[in-house]
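Engineer: For chain A, the structure is supplied; the task is to place chains B and C on it using the hints.
Residue-level listing of the chains:
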Amino acid sequence: MSGIVIAVVVLTILALIFGILLGFAAEKFKVEGDPLAEQVEALLPQTQCGQCGYPGCKPYAEAIANGDKINKCPPGGTATMEKIADLVGVDPEPLNATEEIQEKKVAYIREDECIGCTKCIQACPVDAILGSGKLMHTVITDYCTGCDLCVAPCPVDCIDMLPIEQTTKTWNWQLNAIPVKQVQEDPQC
Amino acid sequence: MAFKLASSPHLKVQLQTQSVMRRVILCALPGIAAQYYFFGWGVLIQVLLAIAVALLSESIVLKLRKRPIKPTISDNSAVLTALLIGVSLPSIAPWWIVVIGTLFAIVIVKHLYGGLGQNIFNPAMAAYVMLLISFPVQMTSWSVPLSLAQTPMDLGLTLQAIFGAMTPEQLNIYKLGFDGIAMATPLDTVKTDLSLGLTITESLSKSIFSDGYGVGWFWVNVAYLLGGIAMLKLKVIRWQISVGVIAAIFVCSSFDYLLSPDTHIGPLLQLFSGATMLAAFFIATDPVTAATSVRGRLIFGALIGVLVYVIRTYGGYPDAFAFAVLLANLCAPFIDYYVKPRSYGHRSGN
Amino acid sequence: MLTLLEQVDKGTLWRSHGGIHPPELKTLSSKTTIANFPLASHFIIPIPQVGDSALLRIKKGERVVKGQALTAGTSFAHCAVHAPTSGTITAIEQLPSNHASGLPVLSCVLTADGQDESIETITSDLSTLDNQQILKLIQNAGIAGLGGAAFPTHIKLSPVSDIELVIINGIECEPYITSDDRLMQEYSDEIISGIAIIERLLTPKRIIIAIEDNKPEAIEAMQHSLNRSELSSDNVRITKVPTKYPSGGEKQLIQILTGQEVPSGAIPAQLGMLVQNVATAYAIQDAVINGQPLISRVVTVTGLNCETPGNYWLPIGTQVQHILQTSGFKGDLSQDKIIIGGPMMGHSLPDVTAPVLKGTNCILLPSTEEIAPDQQEMPCIRCGECAVVCPALLLPQQLFWHAQAEEYDKAASFNLHDCIECGCCSYVCPSDIPLVEYYRVAKSALRTQSEEKKQADLAKQRFDARQQRLEDEKLARETKAREAAARRKNSMASADKNVVAEAMARMKAKKAAQSNTADSVAPAPVQDKKAQIAAAIARAKAKKASATTATDHPVGSDDVEVDPIDDKKAKINAAIARAKAKKAQQNNPSAKTSAPDVQVNAVDEKKAKVAAAIARAKAKKQLQADGDKTQEKVLVDNDTALATNTVPNTNKESTETTLAADTKKARIAAAVAKAKAKKQSLTSDDTEATNPNAVANDSSTDPAAESALSPAEIKKARIAAAVAKAKAKKAQAKLEEKE
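Chains as they are written, first to last, in numbering that gives the first Met the number 0: chain A, 0 to 188; chain B, 0 to 349; chain C, 0 to 738.
Looking at chain A on its own, in the form it has when it is part of the complex (with noise of 0.2 angstroms):
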């Protein structure tokens, strides 16, 4: 009989003991704000394109915080939603959008077409167009995200997505892309 008393009241002041370092740890170790959601929100692409869903990179960073699927970004790529799933600890799953868009591209501004109807200025995320009423827009193409939404609002069509040349200071070492140059034997240049 004394072994069960013995054994209740080690156990119950074992838990206490425990108890209170768990609180204590609690208030401790407090982690401020949701830092998942910002966790996710930094390995997002951040092209605000909506393309989500959501009205930019970070409500859907929120979104997945509380659970929604990672699968919803097209612009940050297979890449992206396994580095989420590796945050989030779920499963990846593949894309919902079909993935052709790898190559990062910006938005290019057919001036002379242009009628300054000022739409895709509302539309563009993050204010890289640059005009005013009936007068030419241009794209400020360091801020363009290549995010897409300006296109569709354009009445007369102009807006075009380019690809980003690749240049000297960008260029990614694949030497096996480089076309193989004819050379003629033409002693002129």
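Derived by calculation from the structure, the hints in this document are not laboratory data. Incorrect hints may have been included.
No more than 25 angstroms apart at the CA atoms, straight line, and that leaves these computed lysine to any residue pairs for SDA-like [as the list claims (entries may be wrong)]:
| # | chain 1 | residue 1 | chain 2 | residue 2 |
| --- | --- | --- | --- | --- |
| 1 | C | Lys409 | B | Cys330 |
| 2 | C | Lys452 | A | Glu61 |
| 3 | A | Lys168 | C | Ala265 |
| 4 | C | Lys452 | A | Tyr53 |
| 5 | C | Lys442 | B | Pro340 |
| 6 | C | Lys452 | A | Pro162 |
| 7 | C | Lys442 | A | Trp170 |
| 8 | C | Lys453 | A | Glu40 |
| 9 | A | Lys118 | C | Asp431 |
| 10 | A | Lys27 | A | Leu13 |
| 11 | C | Lys243 | B | Trp238 |
| 12 | A | Lys168 | C | Lys473 |
| 13 | C | Lys453 | A | Thr140 |
| 14 | C | Lys473 | A | Gly49 |
| 15 | C | Lys453 | A | Leu13 |
| 16 | C | Lys409 | A | Pro162 |
| 17 | C | Lys409 | B | Trp238 |
| 18 | A | Lys103 | C | Leu457 |
| 19 | A | Lys57 | C | Asp431 |
| 20 | C | Lys453 | A | Asp159 |
| 21 | C | Lys409 | B | Gly344 |
| 22 | A | Lys168 | C | Gly264 |
| 23 | C | Lys452 | A | Ala41 |
| 24 | A | Lys168 | C | Ile419 |
| 25 | C | Lys409 | B | Gly113 |
| 26 | C | Lys409 | B | Tyr337 |
| 27 | B | Lys62 | C | Asp431 |
Note that the structure is predicted; figures quoted are calculated from it, not measured.
Structural biologist: Chains B and C only, in chain A's frame:
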């Protein structure tokens, strides 16, 4: 006209995996010769058998994996693995032991892990451990050194023994020394004697220790040591692992020997018996499964040495290189992780 | 404990980790004196900074003379480029670069006139110049590091912190290359006077001229010149360095000479040190004393595929193919590599039309026996030789492991960025793994990643700013609306309601009148432009719509049209036809067109077409919007004054007051509305048979309105109605077809 495009550098040393492996094999020849001299034909038959099985099985596996066969076969790594299996088995072990062992080493330990460079365990040692656990009787039936045997085995008899044309009773005859007592390896003998309550001195008075180190074993070790030094000279291996192994065994055994010479064998006997030199220079130095940095390799070698000594002295097996090497293989990634050298321009370790 | 400078004075050397001893093969080219090269007929001068931080000073077709600056820049980083000879600029375009990628860069093509006429060079007396003037001279001469990296020298020579030790790099540790060796042997006095200029600019405590011990002649020549010069032998010394590759690397050289390591990510100036190449010292002297810009340099042309190996003064901009021809290239371009730089770090050239640059110190034309054959990459056996030779003390095989698996973050954690790409690891690798190539790919991927990260951060920042702005605007609007409402309430309470109603009526009338006058006054060009715009809009819409149709995007809603796709298609076709017709009318009356609407258009006025197009676009929009409400809204938006009574079918709930003023626009709109109404009935009605009737009804209810109009206007409106009818019919036909 197409230009040849390649990333720099455009110069290379012409020392390739293939020739590295070939040099290792050549350097192992003195040791094999010594084994042949002291223990008869068995070792040669085992080695040849193992090489044949290794090449055949590797070809088949490569075919199944749809990999090019010729470049991989010709890198000599399978031959080296087979050679190591061949020399570490008892010379009169039945043929199927070596076949199973080699198959296990090549197919499972090497290729199922992705082939050369991907395996985490030393194939030869993994095979050896597998055999030792699965077939303890066959794996511990060492033949007697020729000079001590009651009836020395010639080529015909060895072939009969290996290919199963001999009954166990017949076989046992050849395991008997001239004094009519079945003999094991020197380390085995000592271990058994110690467990029987004999002192080291008493144990060392047995016939197998007639030259002080165990007949034959000393010279076999010396031959492997010479081969190892040749490899160091040829820059086929670096000194760190071998030195680590030898130093660790020496330090550990000296310590115990000085404390209690009656129950522990001396450091020199430790170093020159069993598979010490073979393992220190030819097995532990397998780069694929070892640590990579200089300090890491020293640690890796020392770890093997300590494990060998501990298992030899306190464990159930008279010799323990296979276990020690496998355990150290397991640790290699961790050693590499924690023993990163300091890079140029960095303060320490990161 | 000796101080660093004392140890330097003693000539103490330290050991750098790793390194290799590849075959030197320098005697191929080191035995002959530096020769001049026959002038090429064309030169290609890349102008990389133009557009970035510099302006082009010349135009296509302009004549330039030797030494004339081609670019001008105001920024400190600007490094000028000059014409290497006299001639005409025949093109300024993107041309293949002397880069491993061969990607085109903006370049000037200079066609030489053979006269080699030079600008006047102003020789200066060093003692009359101050340091700023010297730096300016160096900058204007376009001097960049001639050791290979081509970093602008004037930037390097104006450090922010004090420089205690200047190292003049005459190591030249790469196999084959002997350009610095020959330069030191033949132009040691000039190099020393260049060093004197550096000494004056930086006033370091010590200068070390480091030369590898495989160049005894160069060491001797330099020592003699140094003894002859005014430089104090206490401060300047020549140090022999044991031959080992890559001791010529900046970081390795500093380690060998001082025992110190340049911290990762830092530059030597942070240690109070600076490394300059001997050839750069020569160029500094040439620029400051002789006023000669950097337009030529010594280049080693060597290799067994070269008939006349040696060192040459090559004008910068000389095309490699010219060099191949002149030096007797024996190889086969389809078989043999052409390597710019040495065999260890140089890159193979994808295009022989590329020019010699400031950093080009060697053109190596190796035969296939000389260089490593292309070998199949074997698996890594973790032998660790790469780590033994790595001068940066990295773990090349771990880097390789991660780079191969594309785990670039992990590769970066093994200090990938400290890799100097010297090639030692690939050189010793028994498995023939092109390690350096893996690192380069990994590095560029990491660079892309960090760029993307930066971009993402910027995008986020801008997005947040925009959200904030929109929020603010919304708030401002709401406040304004509230204030206005409050004011109205006040005035409502105080004033007579009738007055308000009257005012509103007045306002509406005014608006209508305004739109009237605006329309009628509008001159033809405006209309023309409008028409174009309308056409463009129609085109764009058609394109978009066809795109959506092609994808067969289902429109699912309760009260949607029976077959929106067909309907849309009909409209699209009409719009396209219209646009085409217009074009045809404008450009080529004989253009083939087939749609029935087009005939109508062809005989019609532009204006009508415009109206029709607008109407169409609007109609489409409405249909897309799929709802009565939207229709209403659009209509109201279009023109409040528009007689809503003329479209009773469409706006069933319309309660707007009718305005008497009936304008042209209103009428056109009425037609449009009719068309829309028709469409709606067409689409919303289940019984198809009633559709024509409905159309007929629609058009017949209008005479009252039409009677007040001029005949021309009536015509227009009718046309619009006809077009609408035609479309409706088409749509119906399609519908039937489908069913």
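Engineer: Look at each hint and say if it fits the structure.
Structural biologist: Do the hints match the structure? See the list:
1. Straight-line distance between C-alpha atoms of C:Lys409 and B:Cys330 comes to about 20 angstroms, which keeps the hinted pair within the 25 angstroms bound.
2. At most 25 angstroms may separate the alpha-carbon atoms for a hinted pair to count; C:Lys452 and A:Glu61 meet this at roughly 19 angstroms.
3. For the given pair, A:Lys168 sits about 21 angstroms from C:Ala265 by alpha-carbon distance, which is consistent with the 25 angstroms threshold.
4. In summary, the hint linking C:Lys452 to A:Tyr53 is supported, as the alpha carbons are separated by about 21 angstroms, within the 25 angstroms threshold.
5. Note on C:Lys442 and B:Pro340: the hinted pairing holds, with a Cα-Cα distance of about 21 angstroms set against a maximum of 25 angstroms.
6. Between the alpha carbons of C:Lys452 and A:Pro162 the distance comes to roughly 18 angstroms, so the proposed pair stays at or under 25 angstroms and holds.
7. Between C:Lys442 and A:Trp170 the alpha-carbon distance is near 11 angstroms, which keeps this suggested pair within the 25 angstroms criterion.
8. For the given pair, C:Lys453 sits about 14 angstroms from A:Glu40 by alpha-carbon distance, which is consistent with the 25 angstroms threshold.
9. As the CA atoms of A:Lys118 and C:Asp431 are separated by approximately 57 angstroms, the hinted pair breaks the 25 angstroms bound.
10. Between A:Lys27 and A:Leu13, the direct Cα distance comes to roughly 21 angstroms. Compliance with the 25 angstroms bound is thereby established for this hinted pair.
11. The suggested pairing of C:Lys243 with B:Trp238 holds, with an alpha-carbon distance near 23 angstroms, which does not exceed 25 angstroms.
12. The hinted pair formed by A:Lys168 and C:Lys473 fails the criterion: a straight-line CA distance of about 43 angstroms is larger than 25 angstroms.
13. A distance of roughly 14 angstroms separates the Cα atoms of C:Lys453 and A:Thr140; the hinted pair therefore holds under the 25 angstroms criterion.
14. A C-alpha spacing of about 21 angstroms is found between C:Lys473 and A:Gly49, which places the hinted pair at or below 25 angstroms, so the restraint holds.
15. Straight-line distance between C-alpha atoms of C:Lys453 and A:Leu13 comes to about 51 angstroms, which puts the hinted pair past the 25 angstroms bound.
16. Distance restraint check for C:Lys409 and A:Pro162: the Cα-Cα separation of roughly 29 angstroms exceeds the 25 angstroms cut-off, and the hinted pair is therefore not satisfied.
17. With a C-alpha separation of about 29 angstroms, the suggested pair C:Lys409 and B:Trp238 falls outside the 25 angstroms cut-off, and the hint is violated.
18. Pair hint A:Lys103 plus C:Leu457 holds up; C-alpha atoms about 16 angstroms apart against a cutoff of 25 angstroms.
19. This hinted pair does not check out: A:Lys57 and C:Asp431 have alpha carbons roughly 47 angstroms apart, beyond 25 angstroms.
20. At most 25 angstroms may separate the alpha-carbon atoms for a hinted pair to count; C:Lys453 and A:Asp159 meet this at roughly 24 angstroms.
21. Proximity of C:Lys409 to B:Gly344 is assessed by CA-CA distance (about 19 angstroms); at most 25 angstroms being required, the pair is judged to hold.
22. At roughly 19 angstroms between alpha-carbon atoms, A:Lys168 and C:Gly264 fall within 25 angstroms of each other, so this suggested pair holds.
23. Distance restraint check for C:Lys452 and A:Ala41: the Cα-Cα separation of roughly 9 angstroms lies within the 25 angstroms cut-off, and the hinted pair is therefore satisfied.
24. For the suggested pair A:Lys168 and C:Ile419, the alpha carbons sit about 17 angstroms apart, so the restraint of at most 25 angstroms is met.
25. Distance check on the hinted pair: C:Lys409 and B:Gly113 sit about 22 angstroms apart at the alpha-carbon level, within 25 angstroms; holds.
26. Between C:Lys409 and B:Tyr337 the alpha-carbon distance is near 15 angstroms, which keeps this suggested pair within the 25 angstroms criterion.
27. Restraint check for B:Lys62 and C:Asp431: satisfied, since their Cα atoms lie roughly 23 angstroms apart, inside the 25 angstroms limit.
In this structure, the hints that do not hold are numbers 9, 12, 15, 16, 17 and 19, in rising order.
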